[in-house]
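*Asks:* These are the residues of each chain, in order.
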Amino acid sequence: MKKKSVSSSLSRRQFLKGFGSGVAGSVALNKIASALPLQKTLEKAANDANRTPLNLSVNGKTYRLSVEPNRTLAEVIREDLQLTGTKVVCNHGECGACTVLLDGEAVYSCHILALDAEGKSVTTIEGLLGGEELHPLQKAFVKKDGIQCGFCTPGQIMAAQALLLKNPRPAKEDVLEGMSGNLCRCGAYPKIIESVLEAAKTD
Amino acid sequence: MIPEIGYIRPRNLREALEALGENRETIRVIAGGTDIIPGFHINSRRFRDIRTLVDISGLPDLTFVDLENDGLHIGGAVTFTDIVKNPIIREEYPLLAQAAFRVGSVQIRNRATIAGNFVNNAPCADSVPPLLVYDAVIKIQSTRSEKTLPLEDFLLKPYKTQLQPDEIVSEIVLPPLKKEYRGEFYKLGRRRSVAISRITLAVLVKLQDRTIEDIRIASGAVTPIGRRFRELEDLAKGETAEVDFLKELSVKLGEEILKITGLRWSSAYKLPVVQQMFYLLLRRVCNR
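Chains as they are written, first to last, in the working numbering: chain A, 1 to 203; chain B, 1 to 288.
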């Protein structure tokens, strides 16, 4: 038993890394690295001629940033602020994984230039936490199992939050409508809807 | 990925127009950005020459809805969410409110603007058929001129309008509509939300007893751009709104669309649906 746990202490990531360099060599590693967001951020950082100052208010905290006009709000939230709860999936304004609140309204953050958020208040999934305490919506998603793989969940919860801010006691039809801009590829929709209705009950 | 661009945030319409006037060829207005940003991401040819964006979203002189003697004035940068919520639009121009409600999703409606919908002039622009049956007139401004023209004339072909690079659509005017008009709007998408329209229809009818005194018919998505069907309208005026005639009119609408688009892979499905749905809409409107 003990022996087994020692042998598995080599993490999956380390294993994959070792495997990568051993078999495919450093060329492949470079390729992989250049596809990583961090590499892109570094490349962008090198090019700062076009940067514009931006006061970005996220989850009640104001960040003084300097960003290129072509960066989306989703990119700045994830890469500059390292608030990676907001997910980018389709990057095309269709799937809803990047949903955040802009002045209390649900928006796709992949759809918005970061500079457009100047003077507005942004709320991300991290902003719902009260210290270590989960938000009632998050608790409801746990309780009602509104999560399968969980990747769309931050977007789902932010869309639900926008809905409940406007309509604290929604009917099922209101939830269906308000959440229809968020896709779940696991197809956990029935439980997602239950979770939102549960949160509305306990709020 | 979004190319390198400059970004200008004017404080009012005048500043926006000045910025556009200075840099005509490579500058473009952005409002909700729900067409431009995804267009950038897929490197769409339509947006490739843009070097600078002028962001007019939320400008107070473009986000009003005012009822005046000559009709309802809607600022060009009014979002679909604001249109759905507006009590005057819901009451007086319900087809526009219904179409606005079927645009994208909550997230898209919170950003996308009414003028953006028809300036982009995609065939499937949901708000265009209702605007056309309401005889919408638009006001276009630049630093050198100010003009008004019917929306119908403004729309030229898919993704092409009369808008010049230094111009902004500042408002849409919907003329007053007599209470006797009854209307219906229909949208078919592949799913209920975040769906690109496959078919949109809007119809307004004014009956005198059972006689069709006036009728206005518009379609979107099944035609290259949103358009009115004047010949059909003329044909229907003065006729009695009986089942047989409404059927005949619906069949003719399908034939008319076939004439415009030619036979397509989707025609075998779409044309019967257009005909059936249009007949249903007419029945509903005429029997109310």
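Be a bit skeptical, because a hint or two may be false.
[As the list claims (entries may be wrong)] Once the Cα atoms are required to be at most 16 Å apart in a straight line, the calculated EDC-like pairs of lysine to aspartate or glutamate come out as: (1) Lys85(B) - Glu177(A); (2) Lys252(B) - Asp234(B); (3) Lys139(B) - Asp166(B); (4) Lys166(A) - Asp103(A); (5) Lys85(B) - Glu105(A); (6) Lys179(B) - Asp166(B); (7) Lys166(A) - Asp145(A); (8) Lys166(A) - Asp82(B); (9) Lys237(B) - Asp214(B); (10) Lys139(A) - Asp103(A); (11) Lys85(B) - Asp66(B); (12) Lys85(B) - Glu194(A).
I should point out that these hints are in silico values taken from the structure, not numbers from a laboratory.
*Asks:* Against each hint, give a clear statement of whether it holds in the structure.
*Replies:* These are the hints, each one checked on the structure:
{"no.": "1", "hint": "Lys85(B) - Glu177(A)", "result": "15 Å, holds"}
{"no.": "2", "hint": "Lys252(B) - Asp234(B)", "result": "13 Å, holds"}
{"no.": "3", "hint": "Lys139(B) - Asp166(B)", "result": "14 Å, holds"}
{"no.": "4", "hint": "Lys166(A) - Asp103(A)", "result": "12 Å, holds"}
{"no.": "5", "hint": "Lys85(B) - Glu105(A)", "result": "14 Å, holds"}
{"no.": "6", "hint": "Lys179(B) - Asp166(B)", "result": "39 Å, violated"}
{"no.": "7", "hint": "Lys166(A) - Asp145(A)", "result": "24 Å, violated"}
{"no.": "8", "hint": "Lys166(A) - Asp82(B)", "result": "14 Å, holds"}
{"no.": "9", "hint": "Lys237(B) - Asp214(B)", "result": "6 Å, holds"}
{"no.": "10", "hint": "Lys139(A) - Asp103(A)", "result": "24 Å, violated"}
{"no.": "11", "hint": "Lys85(B) - Asp66(B)", "result": "14 Å, holds"}
{"no.": "12", "hint": "Lys85(B) - Glu194(A)", "result": "27 Å, violated"}
In summary, the numbered hints that this structure violates are 6, 7, 10, 12.
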